[in-house]
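Take the given structure of chain A and dock chain B to it, following the hints.
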Amino acid sequence: MSGAKLRVEHLTAYYGDHPGVKDISLEFPDRMVTAIIGPSGCGKSTFIRCLNRMHETAPRTRVEGKVLLDGEDIYQEDPVRIRRRIGMVFQKPNPFVTMSIYNNVSVALRFNGHHPRDYVDAAVLRSLQQAALWEEVKDRIDSPATSLSGGQQQRLCIARALAASPEVLLMDEPCSALDPIATAKIEDLVGHLKDDYTVVIVTHNLQQAARVADYTAFFYLGGLVEYGPTEDLFERPKEHLTESYITGRFG
Amino acid sequence: MMRFDHHARRKLLSHGVAVLTGLCVVAVLYPLVSIVYTAVVRGGTVLFQTGFLTSVPPNACSQVSCNTVGIGPNIQGTVILVGIAALISIPVGVLAAVFASEYRTRGVGRAISFTADVLSGVPSIIMGAFIFGYFILVYPSLTYSAITGGLALSAIMIPIVTRTTEEALRTVPNSTREAALALGISKWKTTLRIVVISALPGIATGVLLAVMRAAGEAAPLIFTAFGSNLYYRGLDQPIAALPLLIYDFALSPASNQQDVAWGATLFLLIAILITNVVARYMIHRLGRQMVGGA
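Protein sequences appear in the order of chains A and B.
Each residue of the first sequence is one higher than the one before, counting from 4 in the working numbering.
Each residue of the second sequence is one higher than the one before, counting from 5 in the working numbering.
One chain only, chain B, in its complex shape:
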């Protein structure tokens, strides 16, 4: 009887744990599925309207007739902002990681890692406020511009790029560095032309993560890029961005603007998904080519 009881109890416990973990999986997946579902249902019809990807966003309108909808400037603006941020953050982030990993002397490297960790935990709106605060005091005419927007996004990207690059560099075995140094290859060539190249798939993954994160950020752009309903007018001018449009129009009482917000949401989701898949595929191929598995 005792044996049976133990057996039954063990089975019950086992089922209980399985159900519990299953419920947690549902809890993890539900928001994602729900977001994607709602975005497809509400944004799907909008996204495929002619001119949606090229027209300017609509003014608030409550009549049925006035629904010229579009997110053209916002797509362009996000590409420009993320481009500026990538131009700044990739070299800075990668080189900081190279220094931290390859020229590690007495805690300087560890200080860089620690700083990057802290920075990546700083709320993104603070990054925006910091850039805003600096420019409003030092260079007020540039406060609301593509430049400050790009800078705010780069402040978000740099710690991500730095940390992932550092991890990628650490996976390169020390024997690779020794092999190069022992051939009389100088330290900087060993680092840039052998170690960094070996870590390239990992670095590319980090850059990609950072780009996707930056593309979806609205908070740091509120006081920097500011947003606009017009196409690009110069680096020193306010510039449109997809997340800013979603933020503005989602709060709008006008149903045409709400529709555009859903269309933009779906567009951003699809764009990030496609970038992710394509880039991962390319990184995978690059990695395979490099280790010669092809």
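Okay, chain A solo, but in the shape it has when bound:
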């Protein structure tokens, strides 16, 4: 793993005095999909929210350690700039309900600087195509985002994140609120996204991790138990805990 896009060193994230994740160190390879798995409450979401400095937006939270994006510590940078380089998709689809489909996708470009109209149009088209939503919305791009189904809304949120041209895309259980068909579409999409982006996906669905991820990290009780190529982790786990979890003995 020489081409690490994102490197995490001794990361500990606190809620008040309680550490949600403890002393995590790992690397996310460039243009690969890395899955983070583990039972509920193991710190997966807390961890991924540290990777674009969203953890600190909640009250009484604190982060120790380093997260290096191309070698630069994101905790020494302006969080707003970091979040433009590291996009995020949340558990529940959260389109801006006051905006149309077009305005949702273009919001980052419209709010973060001045871009010519045709540049924004092109970015909206590209992002909706990348998110496999263009065909479904091309005739109603000015309809409200809320007129879309849940699965479409989640792909809209992916398109919205992609339109900002991030280098890394974080996905926090992006399919947990979706039905199997919508889930299959998003998984398919993740497979294509790694051509252009480094993807980190949190999931509590082991099959999903096995299907979409090149690398997988297993978290348990706020700690990193095992990390490696997905195939190795699922077929030849090194740790007893990992084996118990993936064979369904707990979790």
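Please keep in mind that the hints were generated in silico from the structure rather than gathered at the bench.
Remember, predicted model here, so these are calculated numbers, not experimental data.
A virtual CB, placed ideally from N, CA and C, is assigned to each residue, including glycine.
Where hints are given, some of them may not hold.
Pairwise CB distance ranges, derived in the manner of DEER restraints [what the hints assert, rightly or not]:
(1) B:Arg-289 x A:Arg-143: 51 to 61 Å
(2) A:Gly-194 x B:Thr-175: 30 to 40 Å
(3) A:Glu-75 x B:Ser-179: 20 to 30 Å
(4) B:Lys-193 x A:Arg-143: 21 to 31 Å
Sample of chain A residues lacking proximity to chain B, with all beta carbon distances greater than 10 Å (derived) [as the list claims (entries may be wrong)]:
(5) Glu-30
(6) Thr-101
(7) Lys-188
Just chain B now, with coordinates in the frame of chain A:
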């Protein structure tokens, strides 16, 4: 026999409660209906006299011939006073609420909410007296003026705007804020261009409530706007207002002035009703457009 007794008792109790609640409904509605009825009966003929909405108010007069009646300056004055108050209270109230809700740090937000609650409970005449007291000491020539009247009304509007805006902002889900921040949108743009916009229908309702409350207030204007029988003469001059006219003329022994007071009452009721209905309709449409139900 026991069964029957229980049954009869239960039915009786049920009817009793129904009658009691019904009586309370009557008690709630009676004053409103009575006010509207009396205002229509006594003010109706006055309101539709030619020139009533544009003429100046009459002097006291006991003869039949001298009834030049009108509330023109008072309508104009109330619009100006409420306008000044809105110009001050909407930005201040909304921004205070934004701070309380979006930049809530260690009780500062809660202190703002608490202060707004206390302020909205302060009797409005105290607001007038406070503004009067301040100006008479610091800037006496402005004591009786449109400016102090507008300030006194804004002191009544600010807590209403603040509290309702805060409630409206709280209905915006946190996931909306997170979505914006995660796109690298700065905190202030997230707050003003996304969160406040999402809460706009609720904020507009609060502003409307405050405007209607201010338009009907007489007490804070007694020592500030002071009242006048003339059209607007400048921000530093005393200014007419509808509630002040009603207060003055309702106490007048002259029947022509009493008539004008009733006409003004009916006008104020109708104006507030129309504003309310129109604004609610617009807010409803705005809200529907925004959530896309249209």
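Do the hints match the structure? See the list:
| no. | hint | in the structure |
| --- | --- | --- |
| 1 | B:Arg-289 x A:Arg-143: 51 to 61 Å | 21 Å, violated |
| 2 | A:Gly-194 x B:Thr-175: 30 to 40 Å | 38 Å, holds |
| 3 | A:Glu-75 x B:Ser-179: 20 to 30 Å | 29 Å, holds |
| 4 | B:Lys-193 x A:Arg-143: 21 to 31 Å | 27 Å, holds |
| 5 | Glu-30 | 22 Å, holds |
| 6 | Thr-101 | 4 Å, violated |
| 7 | Lys-188 | 20 Å, holds |
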